[in-house]
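Here the protein sequences line up with chains A and B, keeping their order. Be aware that the first sequence starts at 4, since it is given in the working numbering, and climbs by one per residue. Be aware that the second sequence starts at 4, since it is given in the working numbering, and climbs by one per residue.
Worth flagging that the hints you see were computed from the coordinates, not collected in a lab. Hints are not guaranteed to be accurate.
Note that identical chains are pooled: a pair holds if it fits in a single copy or bridges any two copies.
In silico lysine to aspartate or glutamate, EDC-like type, Cα no more than 16 Å apart, as pairs [to be verified]: (1) 53 / 113; (2) 34 / 113; (3) 52 / 66; (4) 29 / 77; (5) 29 / 106; (6) 23 / 104; (7) 114 / 63; (8) 34 / 83.
Since we're looking at a predicted model, the values are computed, not measured.
Number of protein chains: 2
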Amino acid sequence: MASLPRPEAQNLYTMIRTLKWSDAEKAIARKAFERALQQDLEAIIRQAKKMAGRIEQPSDLWELERYLTDRRKEIDRQYDYRYSVLLNVFAGLIQKGRLREQDLQGLSEEKLRHIHQLAQASRPSEL
Amino acid sequence: MASLPRPEAQNLYTMIRTLKWSDAEKAIARKAFERALQQDLEAIIRQAKKMAGRIEQPSDLWELERYLTDRRKEIDRQYDYRYSVLLNVFAGLIQKGRLREQDLQGLSEEKLRHIHQLAQASRPSEL
């Protein structure tokens with residue numbers, strides 16, 4: 004099986020998964036990750052309070068429930084702090100506007116290039 | 004199988020399921036049912052607004068989500084307007100304090116007696 008030719012994308016992802024992270028890079032990544040997560044959660048809290056304030060009938064209650072369930076699942080899915088997938092996570096957060104590329108300054112040029120390209124590549128599927 | 008002796012409770016429930024409901028009784032039942040449901044929903048709305056107002060951190064968000072999910076399931080389970088189970092539904096609502104026996108005045112004496120007895124019988128399992 005290992006001798007079969009692999010598509011280029013497969014090679015890219017395999018390579019990304021095996022990138023080494025220095026302690027300094029880990030600190031930068033952790034800080035950016037936590038800040039984006041915090042911002043996301045604060046936005047959800049604001050929206051939940053707004054929705055709750057407007058509840059007038061039962062359907063509004065279940066709409067709030069659905070909103071919270073969807074956001075919780077989205078947060079669980081999106082905020083995955085494993086170095087093997089972290090470049091994709093950052094690319095997704097940049098796409099979503101939760102993170103700017105400059106928040107990640109200090110990561111290696113190679114990592115920043117991959118993040119930039121992944122963010123560009125993920126754009127169509129986000130629309 | 005039909006010749007096997009059945010426990011007394013089985014006979015009771017079979018009999019309750021086959022009780023006839025007059026139009027006047029249906030109107031009384033529907034009104035009491037809807038009023039209890041409305042009160043339950045209003046209490047949930049008040050509590051949801053209170054919980055939302057107190058949200059400070061993410062765990063409070065997911066606590067609100069869980070509260071709403073639990074209440075929705077409880078409402079779905081408890082408010083079952085089928086005449087075959089309605090006496091049990093009313094007994095449960097009386098137990099819960101959502102309904103008083105006098106709200107059901109106008110139902111036949113037999114139905115009121117069953118409701119009263121079911122409400123008493125269900126007490127231990129509610130604790």
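Do the hints match the structure? See the list:
1. 53 / 113: neither (42 Å within a copy, 49 Å between copies)
2. 34 / 113: neither (19 Å within a copy, 69 Å between copies)
3. 52 / 66: Both: 13 Å inside a chain and 14 Å across chains, each within 16 Å.
4. 29 / 77: neither (24 Å within a copy, 46 Å between copies)
5. 29 / 106: within (13 Å within a copy, 66 Å between copies)
6. 23 / 104: neither (20 Å within a copy, 72 Å between copies)
7. 114 / 63: neither (44 Å within a copy, 36 Å between copies)
8. 34 / 83: within (14 Å within a copy, 51 Å between copies)
In this structure, the hints that do not hold are numbers 1, 2, 4, 6 and 7, in rising order.
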